[in-house]
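Peer 1: Sequences listed follow chains V and H, in order.
Just so we're aligned, residue 377 is where the first sequence starts under my numbering, counting upward by one.
Just so we're aligned, residue 46 is where the second sequence starts under my numbering, counting upward by one.
Source of the hints: derived by calculation from the structure; they are not laboratory data.
Please note: incorrect hints may appear among the correct ones.
Distance windows between CB atoms, simulated [as the list claims (entries may be wrong)]:
# : chain 1 : residue 1 : chain 2 : residue 2 : range
1 : V       : ASP460    : H       : VAL117    : 27 to 35 Å
2 : V       : PRO429    : H       : LEU151    : 23 to 31 Å
3 : H       : VAL121    : V       : ASN448    : 50 to 58 Å
4 : H       : VAL145    : V       : GLY518    : 50 to 58 Å
5 : V       : ARG463    : H       : ILE107    : 53 to 61 Å
6 : H       : VAL145    : V       : ARG455    : 55 to 63 Å
7 : H       : ALA115    : V       : ARG433    : 48 to 56 Å
8 : V       : VAL522    : H       : GLY104    : 51 to 59 Å
No experiment lies behind these values; they were computed from the predicted model shown.
Think of the CB as a built atom: it goes at the ideal place given N, C-alpha and C, for glycine as much as any other residue.
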Amino acid sequence: MERPYRPYDHASFLEVYRQTAEPLRRYAARSLGSVSAADDAVQEAYARALASPNFPRQPQEARAFLFRVVSNLIADQWRQRKRDIARNEQPSELSFADPALRIDLSRLFSQLKLQERQLIWLAHVEGDDHLAIARTLGLGVGSVRVLLHRARQKFAAYLRAGGYEQSTEADDDKER
Amino acid sequence: MTRSAKSDEFGIVADAVEELAITVVGPPIALDPQLIWWRAQLMGRLEAERRALKPVDLGSSITVSIVSFAGVAVAVWFWRDLPATGILPAGIAALALTGVGLAEALTAYRLRSSA
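Model the full assembly from the supplied sequences, consistent with the hints where possible.
Peer 2: Next up, the structure:
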């Protein structure tokens, strides 16, 4: 039986937007390697969430719902971009330069597969546990554990090869 | 892998991702919450309209199909009484009506299934 459409109220949406827009945008941008593509995905995610009768009212659950929707849109966009690149219809924009970073971390991060980028971002930036990541990406919890471990190993190898050094407590003290 | 090697690996990844996370990702030019809100309201209204019209589409298709089958049944019932010259055009008309009705019903069923 279909649920009747229940409009989300404007004030609640603005509050959810305020809390989630920037994290969603950063996640999408780092996953896709393109700010414009990320904006498209995030905008579409909000529109779909608001049109869905299942969009939760609670901020934490709304956040999880939005990350799930945007992850699916990221995967769709990624497949489309790969097809466009293969047909030479769109230049490859798989990383964007960040002058503020010590080394070109963006380029190293973009060398990971899409799912690897998503796993690492959700675990380290959003602080999600394996269960939350599994729900967001539509994977099993056991798979997340294994895939995340492999993704970390791979990225760590890229970082070391790229000359990235882990900051130490001494470095942190010097900065203070 | 030793425990310290694992924690080094975790640490280097955590540090790098933290740097990526704090880097500003450009101005949010395309993201306007008001625009998103209006677009979502429009999508919701269009979806509600589509759901409201679904039974009407299906009902009209079923009606045409019933009338077509009834026409065929009447033609078959009075087969012996129809003059020879009238059988062919009457038969063709009945078959054509049946075909149209079936096509409409199938289209409506497919639209409903894909919604």
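Peer 1: Could you say whether the range 48 to 56 Å given as a hint is met by the Cβ separation of ALA115/H and ARG433/V?
Peer 2: Holds - the Cβ-Cβ distance for ALA115/H and ARG433/V, about 52 Å, lies within 48 to 56 Å.
Peer 1: Quick one: are PRO429/V and LEU151/H within 23 to 31 Å, going by C-beta?
Peer 2: 30 Å, holds
Peer 1: Holds or violated: 53 to 61 Å for the Cβ distance of ARG463/V and ILE107/H?
Peer 2: Since the Cβ atoms of ARG463/V and ILE107/H sit about 45 Å apart, the hinted range of 53 to 61 Å is violated.
Peer 1: Has the hinted range 27 to 35 Å been met by the Cβ atoms of ASP460/V and VAL117/H?
Peer 2: 52 Å, violated
Peer 1: Quick one: are VAL145/H and ARG455/V within 55 to 63 Å, going by C-beta?
Peer 2: Hint violated: Cβ distance 40 Å, outside 55 to 63 Å.
Peer 1: Does the hinted range 50 to 58 Å hold for VAL145/H and GLY518/V at CB?
Peer 2: Cβ of VAL145/H to Cβ of GLY518/V: about 55 Å, so the range 50 to 58 Å holds.
Peer 1: If you check the beta carbons of VAL121/H and ASN448/V, does the distance land in 50 to 58 Å?
Peer 2: 54 Å, holds
Peer 1: Taking the beta carbons of VAL522/V and GLY104/H, is their distance inside 51 to 59 Å?
Peer 2: 53 Å, holds
When the structure is compared with the earlier hints, violations turn up for hints 1, 5, 6 and for no others.
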